[in-house]
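Protein sequences, first through last, are from chains A and B. Counted from 1, the first sequence has number 14 at position 15 by numbering that gives the first Met the number 0; the numbering is strictly sequential. Counted from 1, the second sequence has number 3 at position 4 by numbering that gives the first Met the number 0; the numbering is strictly sequential.
Some hints here could point you the wrong way.
Derived Cβ-Cβ restraints for the label pairs, each shown as a range [stated by the list, open to error]:
hint: 1; chain 1: B; residue 1: 122; chain 2: A; residue 2: 75; range: 33 to 41 Å
hint: 2; chain 1: B; residue 1: 42; chain 2: A; residue 2: 62; range: 20 to 28 Å
hint: 3; chain 1: A; residue 1: 49; chain 2: B; residue 2: 81; range: 18 to 26 Å
hint: 4; chain 1: A; residue 1: 70; chain 2: B; residue 2: 145; range: 33 to 41 Å
hint: 5; chain 1: B; residue 1: 38; chain 2: A; residue 2: 49; range: 34 to 42 Å
hint: 6; chain 1: B; residue 1: 44; chain 2: A; residue 2: 61; range: 29 to 37 Å
hint: 7; chain 1: B; residue 1: 66; chain 2: A; residue 2: 72; range: 27 to 35 Å
hint: 8; chain 1: A; residue 1: 70; chain 2: B; residue 2: 15; range: 42 to 50 Å
Derived by calculation from the structure, the hints in this document are not laboratory data. Here the structure is a predicted model, which is why all the values come from computation and not from measurement. Cβ atoms here follow ideal geometry from the backbone N, Cα and C, with glycine treated the same way.
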Amino acid sequence: MAETKIKKTQRAAPAPKPRLTDVWRVVVLNDPVNRMSYVVMVLRRVFGFAEERARKHMLEIHEKGRSVLWAGTREQAEAYVFALQQWHLTAVAQPDEPA
Amino acid sequence: MSPPDPGRRMKRVEIKLNISAVAPLLDIIKQAADDLRQNLAIRATFPEEDSEFNETWTAELLAGQNSDVRELLGLFGREFFADGTIAIDSNNSDSLLRGCSALRIQILTRWLQGIPADLLEDEDVPPEAIADEVRVPFASYTFLDQVQKIILEHLDPTAAEA
Numbered sequence: 000m001a002e003t004k005i006k007k008t009q010r011a012a013p014a015p016k017p018r019l020t021d022v023w024r025v026v027v028l029n030d031p032v033n034r035m036s037y038v039v040m041v042l043r044r045v046f047g048f049a050e051e052r053a054r055k056h057m058l059e060i061h062e063k064g065r066s067v068l069w070a071g072t073r074e075q076a077e078a079y080v081f082a083l084q085q086w087h088l089t090a091v092a093q094p095d096e097p098a
Numbered sequence: 000m001s002p003p004d005p006g007r008r009m010k011r012v013e014i015k016l017n018i019s020a021v022a023p024l025l026d027i028i029k030q031a032a033d034d035l036r037q038n039l040a041i042r043a044t045f046p047e048e049d050s051e052f053n054e055t056w057t058a059e060l061l062a063g064q065n066s067d068v069r070e071l072l073g074l075f076g077r078e079f080f081a082d083g084t085i086a087i088d089s090n091n092s093d094s095l096l097r098g099c100s101a102l103r104i105q106i107l108t109r110w111l112q113g114i115p116a117d118l119l120e121d122e123d124v125p126p127e128a129i130a131d132e133v134r135v136p137f138a139s140y141t142f143l144d145q146v147q148k149i150i151l152e153h154l155d156p157t158a159a160e161a
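Starting from the given sequences, assemble the full structure and let the hints guide the process.
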């Protein structure tokens, strides 16, 4: 009985569910198919980035495997991820980790 | 002020292709298109664990993907086999770019997993560097890449890669 109680106490608390008010990040991951100029065009189109900024993110994706493109509300992050997936980029929305 | 939308600046481009060279590639492209009818080229990731939300998300992506692939296959209909020409303009360029991307991903997934990444990215690979059994899929993969490259160059001439 006591042992059971200890086990229950030691069990890790479930991770808190992200709230609607949390800051969410839009992350694009590298893929082996899409050419660099395609990725730049998509980032310009989806986020309205200037050429230079889009190219900087594209190089970060290519060299580091991922780049954080945007941070803000969950709803907008979902909209961006959906748009990126329509262009066949590998994109995820992630809640910002607490500091 | 938002930057200019490159997709709206494309003039009509007609590309003359060798019908006998392209025809065998279309067999592979159509097989890849069949694969994609019920499957996304890239598995979607969802921001939440809500099955209904995720099903809707997937269904909308799939509908868009199918529409894009149909647009691309439509370039190679009866008219193409009459004169070997495909026409690209602002009305179809976005769909064609996305369609090429989806089909290239599927061709890679189905046929080209064994080919090293450096060969996949090389635009001047000699045919003998590719195994016989995947030479046509590889040619289809690079053909779609070239179609995409031409569209991108006409959307924004500064986007050409070195």
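So, going through the hints one by one against the coordinates:
The supplied range of 33 to 41 Å is met by residue 122 of chain B and residue 75 of chain A, whose beta-carbon atoms lie about 37 Å from each other. The hint said 20 to 28 Å for the Cβ distance between residue 42 of chain B and residue 62 of chain A, and at roughly 24 Å that hint holds. The supplied range of 18 to 26 Å is broken by residue 49 of chain A and residue 81 of chain B, whose beta-carbon atoms lie about 43 Å from each other. Residue 70 of chain A and residue 145 of chain B have their C-beta atoms about 37 Å apart, which keeps the hinted 33 to 41 Å range intact.
One distance hint, 34 to 42 Å for the beta-carbon pair residue 38 of chain B and residue 49 of chain A, holds here, with the actual separation near 35 Å. Take residue 44 of chain B and residue 61 of chain A: their Cβ atoms lie about 20 Å apart, and the range 29 to 37 Å is violated. About 29 Å separates the C-beta atoms of residue 66 of chain B and residue 72 of chain A, a value consistent with the hinted range of 27 to 35 Å. Our hint of 42 to 50 Å for residue 70 of chain A and residue 15 of chain B holds, since their Cβ atoms are close to 47 Å apart.
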